[in-house]
Each structure stands twice: as structure tokens, then as C-alpha cells.
Amino acid sequence: MVQAAEPPGDPEGDRARRRPVAVDPDPAQNEAAQTEALSRRAVALARHYQGKIETIAKVPVRSQHDFALWYTPGIAAVSRAIEADPDASFDLTGRWNTIAIVTDGSRLLGLGDLGPEAALPVMEGKALLFKTLGGVDAVPLPVRVPSREALVETVERIAPGFGAINLEDIASPKCFYVLEELTRRLPIPVWHDDQLGTAAATIAGLLNALELTGRSIRTTRTVLLGAGAANVATARLLRAMGHDPHRLTVVDHKGILTAERDDVDELMVRNPWKYRLALETDGGGRTGGLDAALAEADVLLAASTPVPGTVRPEWVRSMARGPIVFALANPIPEIWPATALEAGAAIVATGRSDFPNQVNNSLIFPAVFRGVLDARARSINDEIVLAAARELAAQTRARGLAPDHLLPTMEETAVFPHVAAAVAARAVVLGLARHRLSHDEFLARAEERMRRPAALARVLTDAGLIPPMPDEPAGPAPGRR
Amino acid sequence: MTEHHTAPPSDSPSMPINLRPATAADVPALVPLLVRLKRLNEEFDPLLKVRPDVDARAEEILVQDIHNPSSLVLAAVGVGHEADKIVGVVRAQIRERPFYAPVREGVIQDIYLLPLYRRRGVGEYLLAEATARLQAKGAELVTAEFPTQNEIATRFYGKRGFRPITSLHARRL
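Residue numbers (the working numbering), protein chains in the order written: chain A, 1 to 481; chain B, 1 to 173.
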């Protein structure tokens with residue numbers, strides 16, 4: 001494991017630490033140096049490989065004569081069949097396993113609006129994750145659109161070629177509108193990972209943290225720090241699971257979000273989703289800042305802009321006994337895990353792979369897409385999102401739940417087909433599936449389809465068709481950050 | 001409002017508020033509500049930016065209107081644990097139309113309700129009450145003024161039979 005970072009001036013030092021979370025003497029400097037090296041290498045590799053995915057044929061082409069089957073004239077009969085029944089496109093083409101990764105580039109990573117061209121390398125990377133982890137063929141599709149309505153319309157027009165749509169890196173609150181509209185209009189699942197993926201992974205971790213600390217979601221007092229895409233979705237899912245809205249306190253850069261806060265009328269116009277949250281929670285009965293929100297709270301779910309020291313240890317000390325702290329800002333968590341643990345946190349999770357308990361979208365989205373594609377689902381709703389979260393939590397419990405094992409790591413790939421099967425089976429129960437198979441049939445399919453990309457990559461690498469990294473000796477890949 | 005409109009009783013039992021004419025003593029509580037509405041209007045157009053002295057002006061206008069027989073200022077007062085708290089305001093006035101018939105126009109200038117009192121039918125109740133009271137003052141038609149870009153208001157009034165009849169177009173000099 002990579003050394004965990006810890007801010008300088010940590011008062012207690014190593015003595016009080018309950019778990020072996022290693023200390024880095026100067027995290028900021030180390031972080032900057034690592035990021036710099038990684039950035040240089042990423043640009044060099046991008047130049048070398050010039051893209052991360054390509055399409056390959058999956059049917060035999062023995063001679064030019066075979067094109068009479070795969071293309072005209074033979075293919076006309078296939079088109080006729082689909083004309084008679086458009087849903088046959090899922091059986092007679094690759095639509096069943098093909099998705100679009102659509103972005104307008106308006107909130108690229110944490111960087112802001114860099115435009116659609118700059119979004120392409122990120123979308124290619126996402127397509128690589130979809131393929132590698134989920135066995136899903138994903139097409140990167142950055143689009144230049146003048147308005148949110150145009151974005152919706154564009155996706156609606158390209159939907160006939162795809163089995164599902166993944167929206168990516170779209171600014172809040174535009175992303176709420178786009179997801180809602182497309183979910184309403186399209187006959188295929190639409191997903192926005194920054195909302196649903198993050199929320200589902202968070203909920204999965206939270207369910208296990210509640211279990212470990214003997215809490216019930218119905219009586220838990222929770223603070224959500226940040227009211228962007230992820231936490232607005234998380235709040236909605238929490239309420240769907242029975243969390244009392246009056247025990248839910250949302251805090252943003254202006255403090256606790258209450259119904260009478262000065263900017264609430266503005267939110268009504270600009271961000272109705274956050275406005276509804278303000279009305280439903282009304283600060284969980286509290287006013288003031290994050291310190292006031294955290295006093296006696298059981299849970300902190302922080303998904304805010306990464307500013308180190310956003311959450312002070314004394315505020316964690318003021319929380320209920322044995323609190324749960326999710327500090328999910330990347331790359332710098334709102335509070336360093338060791339600091340939170342010293343301040344009494346029973347369980348800490350972050351967004352980083354170098355600490356225990358990484359809350360990571362990649363635990364969710366490949367499996368959700370595998371599931372909805374295998375069920376040929378018409379839609380994704382919150383019940384499906386929750387089914388994914390619950391299954392991820394259950395799979396972790398089955399593999400040994402512990403304060404530093406709330407969620408599977410990305411190496412525990414055996415979990416993913418189970419999440420996919422749970423999603424597909426839920427789509428059947430909800431009447432959203434075109435393919436109504438049993439849970440075990442879905443599981444078998446998911447396992448097979450999620451294994452395929454690794455087998456393909458192995459063959460292509462061994463044949464030299466996927467060239468080795470130019471800047472390192474051939475051999476097994478090194479550990480990732 | 002159409003002729004088949006009937007005003008509900010003024011203390012409707014299902015409402016989480018009581019509505020009554022405002023008095024001079026209510027003005028300090030009404031000013032922040034009126035100012036919140038004007039600040040909301042800022043969202044819709046830069047030419048609706050509030051003046052630095054908006055609070056003082058709001059106070060003056062409210063005092064004037066409360067004493068003016070052709071004006072109407074209503075205070076929505078909470079019930080239960082928020083009894084006595086003023087949670088909403090309606091400001092309206094009767095105007096004479098010099099060129100058109102019907103002649104007496106009841107103009108709803110401002111309706112503001114604190115966020116927690118919204119989405120419960122209170123706004124509709126305020127509109128119906130204001131309409132009935134304007135009618136009692138002789139209004140033959142009721143109109144509402146709000147920023148053109150305020151789609152929420154457009155929908156609210158549109159659903160209740162209002163349609164746009166004149167427009168105010170502006171250009172900064």
C-alpha cells in the first residue's frame with residue numbers, strides 16, 4: 001500500500017492511532033511531486049498511444065464474400081426485421097452492449113469548463129474503465145452544445161444507436177435537469193456517474209458503517225457537506241431509505257442550508273433540486289456553520305471542494321460517540337483519516353485508493369451498466385441505484401466487514417458480477433427489463449461478459465498488438481496509485 | 001378572475017396561515033419579506049437590481065400603502081408553533097384605466113411567502129383572497145406584475161387564468 005498522507009502538526013502523533021495508517025512527513029510537497037511526475041507521464045503516454053480504445057471486428061471475415069452477409073446486400077433483411085420491431089436492434093446488433101459517454105465538458109474532473117475537445121481523453125479513459133471492468137463497449141461522445149436543452153436534444157437524437165447513456169462531467173445544476181429529462185424521454189437507461197455512481201458507492205459504505213457501529217438509518221443524524229451533484233443525489237437516496245429529513249443537515253460554503261437562508265429564493269430559480277433539499281431538511285433543525293451541524297451528529301458525508309482542513313478535528317470530537325466520517329474530496333480529503341480517527345471517528349472513508357475504505361464510483365458504474373444492459377432495461381430509477389448499493393454492501397459483508405474494509409477494493413473484482421446481477425434482477429422485478437432472466441442466469445452472464453475484456457487484452461498483449469509501455473521494461477504492470 | 005370565482009372564507013381551516021390586513025405595527029416584519037422578493041427579482045434581469053436603500057424605501061412604501069384606501073397590504077401570519085410570525089405579504093392596489101374598459105383594475109404588485117410555506121396551496125389562497133378583497137374595493141379585472149423572465153410566476157398565474165396583455169420593454173441608457 002502507498003503511504004498514507006498526514007498533515008504536519010498532527011497533535012497526537014503515532015501513539016493514539018488505532019490502525020496502522022502510515023504518516024507522510026510532508027504530504028503537500030509529496031503530493032505535488034507525485035502529481036507532477038504522473039502528469040508528465042500521462043501526456044507522454046497519450047502522445048505515444050494516441051488514444052486508449054479502438055473498435056475491433058467480432059465476426060469472422062474470411063474473404064470479401066463475407067461482406068455480403070455483414071453488409072449489403074444481406075444486411076438489408078436485418079434492417080427490415082428491426083424496422084418491424086425496433087427492439088430487435090438489441091438482438092440483431094451490438095446495441096445491447098454499446099453505450100455513449102456523453103459530456104459537454106462543462107465540469108471536467110475538478111477543473112471546470114474546458115470544452116468538449118479537452119473532455120475527450122477523460123471520456124476515452126472512462127470508456128477504458130467501462131470495457132475493462134464491465135465488459136461494456138463505450139463510445140466517447142463529447143458534444144458542443146449551447147444550452148442544457150440542446151444537450152438533452154442531442155442525446156435524444158443519438159439514442160437509437162445505444163443500449164444506455166452515461167452522462168459525464170456535466171456541471172451542477174445543469175446535470176440534474178439533463179438526467180431527469182433524458183430519463184423521462186428515452187427508452188434506455190440514463191446514468192450520471194457524478195450523481196448516481198458517487199451516491200451509490202457512498203450509500204453502500206454508509207450502510208456497512210452503520211452496521212459496524214450499531215446504528216439504524218431511521219434514527220441517524222447525518223451531515224452532508226457539499227450540495228453538488230453527488231450529495232444532492234445521496235440526500236435523495238437517504239430519504240428513500242427512511243432517513244428522517246429533519247435529522248439531515250446539508251452544509252455548503254455558505255453554511256447550513258435552511259429554508260429561510262438568504263439565497264433560498266435564488267435557488268428556487270437557479271437550482272430547484274437544492275431548493276427542494278433546503279425545504280425538506282430545513283437544516284435538520286439547525287442554523288450556523290459546519291461546527292453547529294456536526295455537534296452530536298452520527299455521520300458526516302463530505303463531498304465538497306477539496307480544501308485541506310475543511311473539517312477540524314475538534315468538530316469531529318463534538319460529534320456523537322464513535323462517529324462515521326466520509327471525507328470524499330479528491331485529491332485532498334476534507335480531513336486526513338488519521339486526524340479523524342484520533343478525534344474519535346470510529347470509521348473513516350475517503351475517495352483515495354491509498355487509504356482504507358475508498359468510496360469509488362468504479363465499484364458501481366461498470367456493474368450497474370452490466371446489469372441494465374444484460375436485462376435490456378428501459379430505465380434506471382433510484383430503486384435500481386439502491387439495489388446496487390445494497391448488493392455492494394452485502395458482498396463486502398460476505399467477504400469480511402471491518403472498520404478498514406467497508407467496501408471492496410478495486411482488486412476484489414469477484415464482487416462486480418454480483419452487483420450486476422442484483423441490478424438486472426431488480427430491473428425485472430420493477431418491470432423495467434426487456435430480458436427477464438433469473439438472478440443466477442444474470443450472474444452467469446455478467447461473470448462471462450466481465451471476464452472477456454481481460455482475456456482479449458491478454459491475447460492482444462501477448463501478440464504484441466497492444467504494445468508495452470515505452471517508458472518501462474516489459475513485464476507485469478507496476479502497482480497503481 | 002372569471003365570474004365563477006368564489007372567494008374562500010378568510011380563515012380557511014386547512015391553511016397553515018391566517019391572513020389579515022397589515023397594520024403600521026407589522027411594517028418592521030414586512031420589510032424583510034418585501035426585500036427578499038425584490039432580491040429574487042434581481043435574478044431575472046440586471047435592470048431589476050435593488051437599490052442600496054431598498055430597506056428604507058420598502059418601509060416608506062409599506063407605510064404609505066397601509067394608509068392608502070386604494071391600496072391593499074395583507075399579512076400572512078403563521079399558526080401553531082409559528083403563531084404571530086409574519087410569513088408572507090401581499091401588496092396590491094386599485095388603478096383606474098383611462099383608455100380601456102373595464103375601468104377599475106386591481107393590480108397585484110407583490111406576493112411573497114417564506115419558503116417553508118410554499119407548495120402547500122398557500123400562494124393560491126393568497127391570490128384568491130387578494131382578488132376577493134380587490135373586487136370588494138371595486139376592481140373589475142385583476143392583474144399581476146412580475147419580471148418577464150420569472151417562469152415560476154408565469155406558470156402560477158397562467159394556471160389560474162391569467163394571460164399577458166401588455167409588455168414592458170426596457171433598454172439601459
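It is possible that part of the hints are untrue.
[What the hints assert, rightly or not] Cβ-to-Cβ under 10 Å is the rule here; a few derived chain B residues that face chain A: (1) R36; (2) E42; (3) D65; (4) V107; (5) D110; (6) Y112; (7) L114; (8) P115; (9) L116; (10) R118; (11) Q149; (12) T154; (13) R155; (14) Y157; (15) R160.
[Claimed, not checked] Listing some non-contacts, in silico: residues in chain A with all C-beta distances to chain B over 10 Å: (16) T35; (17) V43; (18) T55; (19) I56; (20) N97; (21) G242; (22) D262; (23) V264; (24) R270.
By construction, these hints were calculated from the structure, which means they are not laboratory data. Ideal Cβ placement from N, Cα and C applies to all residues, glycine included.
### Query
Which numbered hints does this structure break?
3, 4, 5, 12, 13, 14, 15, 22, 23, 24
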